Each structure stands twice: as structure tokens, then as C-alpha cells.
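So the sequences go chain by chain: S and P.
In this text, residue positions in the first sequence follow this note's numbering: the first is 16, and each later residue adds one.
In this text, residue positions in the second sequence follow this note's numbering: the first is 1077, and each later residue adds one.
It is worth saying that the hints were derived from the structure and are not from the lab.
Source: prediction; values computed, not measured.
Treat each hint with caution, since some may be false.
[To be verified] In the SDA-like style, the derived pairs of lysine to any residue whose C-alpha atoms are separated by at most 20 Å in a straight line are:
{"hint": "1", "chain 1": "P", "residue 1": "K1335", "chain 2": "S", "residue 2": "A113"}
{"hint": "2", "chain 1": "S", "residue 1": "K246", "chain 2": "S", "residue 2": "R307"}
{"hint": "3", "chain 1": "P", "residue 1": "K1335", "chain 2": "S", "residue 2": "T501"}
{"hint": "4", "chain 1": "P", "residue 1": "K1176", "chain 2": "P", "residue 2": "A1162"}
{"hint": "5", "chain 1": "P", "residue 1": "K1335", "chain 2": "S", "residue 2": "R441"}
[Stated by the list, open to error] Covered stretches of chain S (chain P as the covering partner; in silico rule of three or more C-beta atoms under 8 Å from a C-beta of chain P):
{"hint": "6", "segment": "257-264"}
{"hint": "7", "segment": "488-502"}
Built from N, CA and C at the ideal position, the CB exists for glycine as well.
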Amino acid sequence: MIEDASERERAANVRPPAWTNPEPAERYHLVIVGGGPAGLAAAHAAAARGAKVALIERARLGGTDLNVGTVPSKAIIQSSRVFAEMRDAVRYGVPDPAEVELDFAGIMARMRRLRARISRDAGAARLAAAGVDVFFGDASFVAGDAIAVAGATLGFRKAMIATGSRPHLPPIPGLVDATFLTNETVFELTALPERLLVIGGGPLGCELAQAFHRLGARTTIVQDLPLFLPKEERDAAQILSNALARDGLEVRLNTTVTRVRVERGETLVDLISDDYHSTITVDAILNGVGRRPNVEGLNLGAAEVDHDPVAGIHVDDLLRTTNRRIYAAGDVCVEHKFTHVAEATGRMVVRNALFLGRERLSELVVPWCTFTDPEIAHVGASVREAHDRDIPVTTYVIPLHEVTRAIVDGHDLGFVKIHVRDGTDRILGATIVARHAGEMIGEITAAIMAGVGLRTLAHVIHASPVQTGAIQLAAQAFCRTQLTPTLKQRLRRWLAR
Amino acid sequence: MPGLPMTDDLPDDALLDELQRAAFGYFVDAVDPATGLVADTSRDHAPASIAVVGFALSTYPVAVERGWMTRTEAAARTLAALRFFARSDQSGGAQATGYKGFYYHFLDRGTGTRVWSSELSMIDTALLIAGVLTASCYFQASTPDERTVRELADLLYRRVDWRWAQDGGDTIRQGWKPECGFLHYGWEGYSEAILLYVLALGSPTHPIVGDCYHAWTSTYQWENQYDHAVLYAGPLFVHQFSHAWLDLRGLQDRFMRDKRSDYFENSRQAVFVQREYARRNPYEFVGYDTSCWGLSAGEGPANAPGSARVGEHWQTAPDRGPRRWFGYAARGVPYGPDDGTLSPSAVLASLPFAPELVVPTVRTMMTRYPEIVTAGRLTSGFNPTHGETVDNQRRAWVSPGHFGLDQGVVVMMIENHRSELSWRLMRDCPYVAPGLRGAGFTGGWL
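Let the sequences and hints guide you as you build the complete structure.
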């Protein structure tokens, strides 16, 4: 564990050393188990509405997102982008900055400083100030309406389980015996590994593989499927493959790690692709394969809450567990294990559990983004999902090489694809591959939420030039298809009158 | 054969005839007379490709009708290949020729055994079988040779176990190896696999089961690109290979009915998209314009034998940073990959879909880059961006030699444009119409 001022500040916020658990109230409107994004969002939302709320955290407030997930990874990704752009400066007419040297320790220190700063918002003191009773300790249900923590028993009218998830270790012989990193340990690195193997081509694996490679680690990424990001559309995944190869990563698709060996102090990794066997030597291994929900140790049986180790807590569309008093939110119960989904489901539980809400998980419009360069963002239905539901769909495509701002920025690799139900202008979903796709997808998400179709988006005036102009270009392409020969003839007659 | 005379001097039909005959010459040169197997490329020691054999079998009838080969010789060449496959080792061993009626992608031309640890290939077997059935439909005389051609063709088609190739899943797998079983890859998105599915659905012995074809078409992407509505596939060859055998004009499956289009029209739209991409030339490659376009599968400059710069993979382009060259790759529009390599043979193979664009484009390419024609044949790929200056003249990098797939589809598509011979033969094939109907096709000649 690194000990510096930033880490001490973060600890003081998310796990104050001198914290004393409060005296429990007689009965809480809502007891929240887990102080990650879902728990924090729910606690603040419920307390703001006057509910008596208790929040139990086993380790550190802020969860994976703040401590070992989104926040530290995006800080490092930003550093890696800047470093890559410095080396690329000559492309922009800027003289090559001679002798650019990487300060890895400086990058990690920056990450810790930013993490400490952001942890102020997730701090125990802030929660307490909002009227939330914060308990640190292991939670264990003792009945369907009571839970024990650190020697106290908290009675509740409703409870929410938001214990999150942890890295899933693939069953690779020798992996456990070798030194390997996960998203929970990679941010503790004090030196950049010279040769890095990243196992897994999902969002986490791709993001960190590219970032560490750009910082100077010779990186190999191994994915057992033929493409990266299996939940994304294949053209997006293909562009990412090309971008990673362009950066110089060694991309091994359709490849499985069969064994990890440590021989004479070196870590050897055996790989197989179909029938082709190979071995690579690395200095560090980062496991980026999947996550598993945290359901252990909660004594869920006492509360009659059904669960399993893979899907986590079983919930219905209203996020209720099999115990109608108890709800769940975030990674522990949903398929899309993202910070923003955790927060959204946390707030949803407050409305459904305490205020007679009927909000449904299936009705959430969930965007997501993989923060590689270019970023890959998606919202709504994919073409495949539309076909599976027998919805005829046309996709309006604008390659970024058609977008002025993307060209002048030198970031014209990618596209905007908007999926529209045939015969209407209704947006079913979209995929964006662009430098700032995560920002751009918000416009489409808002349009879907508000029921705004492409016809209206075509008339939305964007500041010029911006990369979101691609969305308007796609909408205008849609409008041109509405100019049928008959309509064109009528227009000509009108003009000729 | 030297390069063609200046194309401006030749009327269109004469130019097409020259190019078609030269392309057919590849199969005369590259065949092993004993096995009937045909080399994948014109390079030294190239193995046979089963798909190229399929094209060869389909070009022999063209050669007979055009007077380039006697019927007797064509039947003999066909019979050699069919006899080889009928007698080949179907044990599925590492050194066998095939398994379950399918064949390894690459075979030793003399012995017919598997080479390069290649996969048992479903699509390449389909291309081979399409050639086998074409031969069967053409050689209808009652001579002993032609009778044997028909009998062997029926045997080869009937023994293909298409159902096994589903591996219990919704769609057909792409390949299998004795060392590791079925490969991970499935068919995702529009591709040349229509022919594969039609043959698999028309089988009287081992047809695919379930809603296999629909499961595949549910991965399609119908897109509006550059104001053209198109069933997306990036490389040109995808829009051609099934059409070499199947006359899909006016035929619609469920997907195309919903879109009020058909696959032939779609291939025409794909030509427009390719041309428009070249006009816009987003990555500023040398030579691209409305008269010089065509991204497809083919060889590029990276590590190609004979390349002036073997081993060089990158170029730094102004304003763009590093640009990567590819070797043999499926290039496509508009999402790439694109390294500035164009495929003139793929342009020519789009002839039936948009002759008014294809012929002028081929003429322009041949005039600007005469080096793309060797032995009268168009190259697999050339790259003006990767060119070099010799004697004050800029010359494009050109893929050395020729590939059988390129030459085969050129012969067939020119013939379909000129006489519809390949389409007519397969329309008469007793397995094709049931296969098309099984996939839900209606309309057109069906």
C-alpha cells in the first residue's frame, strides 16, 4: 500500500480511521448495504426526501468506481493520451518535443491526488451531514427485516443490497501462483512493467492495455473471441482492433491462455489459437476478464433473498428481491456493471421502495462507453436486438471522415451510426466510435428518452464545428430519404407555379 | 502473353473478351493434369485451393462455348478433378483431404493432401461444390465421360454433411480442424455465404436444420451510406461470389422483401458506395477518384514477395501520422481497412451490376497504371501510394503474379454479363431452386 498525503486524505474520507459507528435508530426507512455508487446515490436521494437512512460499508466508501475503477483508470488514460499526443505533435505542425521522458511515478501520484479530491464527495462526513447513519463493518442479515453490523442490529422497513462486484479470476493453471494484477491492484504499481500481458478484450482490458502500452509497456492483449468487445457492433470492434494495432500493441484475438509458468524468475505464458501454440515472456499480467457479484457473507438465506454466484442477487423488473422488503441495485444484480447504471438503479430503488414507484429496469435507457482511443459508445438496441424482436431497422451512417471538426482535430477514425425503425423516425439505438464518443452519445440518449426522432434532430442547431455535428448529418441523411419521387415532383410543381 | 494493347483501341466487347480469355488462361497454366487441382496463386510451389478448383470447373464450360478449349478436353479436366475428390481420403486426419464431404482449404497439388495445417473450410467447399454442380449441369451428353461427370458430381454433393457443420448451433460454422475441432468463427453479417446456405438447404441428404438461414440474416446491417441504401459488406468480393453462380436478379428473401430490394440491386449499390468512397478519398491515398476505385480482398504491399520494400509496414503521411500497409487482407469501405490498395480484378467482377461504371473504370486503371496487367491479366491489387519512381515515372506497387480466385470470378462475371451462361446452368441445377426456396426466396426466375 502506498502511503502519501493523497492516500491519507482518501482514507480520511472513505474510511475515517477514528470513525465511530452511530447508535442505531429504532427502525430505518431504508438500510443500504454497500457504499459504492449505487449505495451513495440511494442514500443521498432517500435522505434528501426525509427518509431515515443507514448505510453499511465493509471497506471503503466509493466502491470500485472511486477506489479501483473508473476514477483511477480514467486519470491514467488521460495521462497516456497526453503522452501519445506529445509524440504525435509533429502531425499538427508542432515541433517534436525532444527527449520526452515519462514520469510514471508522477502519473500515479496525479491519479492519487485526483482520486483523493473526488473522494471528498463520497466521504463519510458528507453522508453524515446529509443525515445518513454510516456504519463500517461486515453486514449480515439476521431476519427478513433486520441486519447486524459491528455488534449492532438495524431494523428496517426496506433494505437495498448494493455490494457491487469484484474481478473474476479465470481458471488458468499457474495464474494464481504467478504475480498478477487486477483492477484492484494495478493502481498500486510503482514502476511501469516492461512487458505486460492483458488477459481479456472487454472494456477494462482494452482501456488499460492501450493506456499502459502508450505509456511505454510493451503490451500484448489476448482475447479468446475473434473480436474485442463482444457486446459492441462488429465494425466498432474492428476499428478498435485496427487502432490498437496502429498503436503497436500485439493483438492476439481468438487466443486462449492455457498456462502461466514461472521459470528462472521469468513469467512464461502459454497461448493457443485454434491449433497454434505459442509462449510469450512477460513482466506482469493484468487480468481483465469479467466480474463476479459480491453475494458472500451476507447471510442472505436468513432474509430469504435468492441469489447465485454468477448472476448475483435475483431481482424482478422493479429491482425487488424474493423478499419484498429487500431490493438490490448496481453490479450485484444487473448485467451492465457500470457506475452510471449503479447510480441510476440506486435512485430507482429509493422511488420504488419508499414512494410507491413503479420504475422498471427494462425501461432504462442505458448508454455505455469504452474509453479507448477512439472511444466506443452505445445506447439502446443494437441491430441484432432489433432483428431478434422482428423490428425492421435502417442504420444511418456518418463516417467521421465526413465531419469537419473530426478532420481538423485529426481524429477522423470512427463513425456515428443511428438505428431507426423503418417507416418512422424513431431512434432505436446508436453506436458511436469517436475520440469523444462518450460525450456524443448523450445527445442520442436524451433523444431516445424524450421520444425525439431523427426528423427533429435534423433541425437541432449545433455549434459549429463540433463532432456532434455528425449526429445532425445522420439525421439529415434520414430526411433526404423522405424526399420520395412523388414529393420531389410536387415540390417542383410548386416551384414552377 | 504480353500486356494488352492500349485499351483505347479496343471496343468494349473486344476488351472484355481479351481480359476474360487471359483470365481463363490462369486455369490452363495452374492445373495439375493428374489431380485436376488448381494452384491458389501463380507463385512457385503454391498449393491448390479447393475454391479455385470450384472456379476452374465453372470456367471450363465458358472456355468450351467461347472456343478456347474443346469439349473433350474440358470434360477430361473436369473428370480428373471430380475423380480425385471422389476417391480422396475423407478420414479427417491431419494429412487427409477432407471430412464429412468437406475439404481442407489448401491441398498439395500433386498428392491432394492437406497443407499448411489448413482448416476444413465450409465456404471454400461450397465454392468447390458450386463448380462441381456447374460442370454437372453443363456436361449433359450421353458420352461415358460426361455421364461419369454427372454421377460423380451427384456423389460429391450428396455426401457433404451440411448439418454436421452447424455443430448443433443456429448457423453454419466457418471451419474445423482435426487438432481442435470447430473454429470459433461463425458467419456474422452479410457475406458471400448465400451460396453456402442455398447449397446446404438444397441438399437431399444432409440439409441444415432449423431456421439457420434466418439466424444468419438476422446479423445483417441495412445501412444508409453516402445516401445509398445498402446491405453492408465492406469488400467488393462479398457482393460478387454468390452472384457468380446464382442469378439473384429480382429474387427476394424475407430480408430483401422488407427492404424492397434484392441482392443484385444491392451489389449495384455497393459499386456506387465504393465509387463515392474513392471520390471522397478520406485518407488521401494516391490515385483514388471516380474512375479508380475498388477495395476488396487481395494482396497489399506489406511483406509481399517481390515488393520493393519487403518488411516495411508503415508510412508516415502528412497530417495523418502513421499509416499501416497490409498484406493479404479484406479491405472495405467505408470503415476500412484501407491502405491505398485497389483491386482491379474485383472492379471487373462487378461488371454485371454496373457495366456503365465498371468498363470505364477498368480502362482508366489500365491506362494510368499499365503495370497492373501482366500476361494479359489484371492483378489482385496495386497501390499507387506505395509506388516508386523509376526513370522519372511514378509506378504503383503491384501484387506479383495472379490469384486463382480473382481470375475465376472475372471469367464467370464477364460471361454472366455477356451470355448469362453460369447463371443459366445453375438455374437448371435440381438442387438450387429448392435451396433458394428453403431460404425463403421468391420472385425473379424462381
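In ascending order, which of the hints set out earlier in this document are inconsistent with the structure? Hint 1 alone not satisfied by this model.
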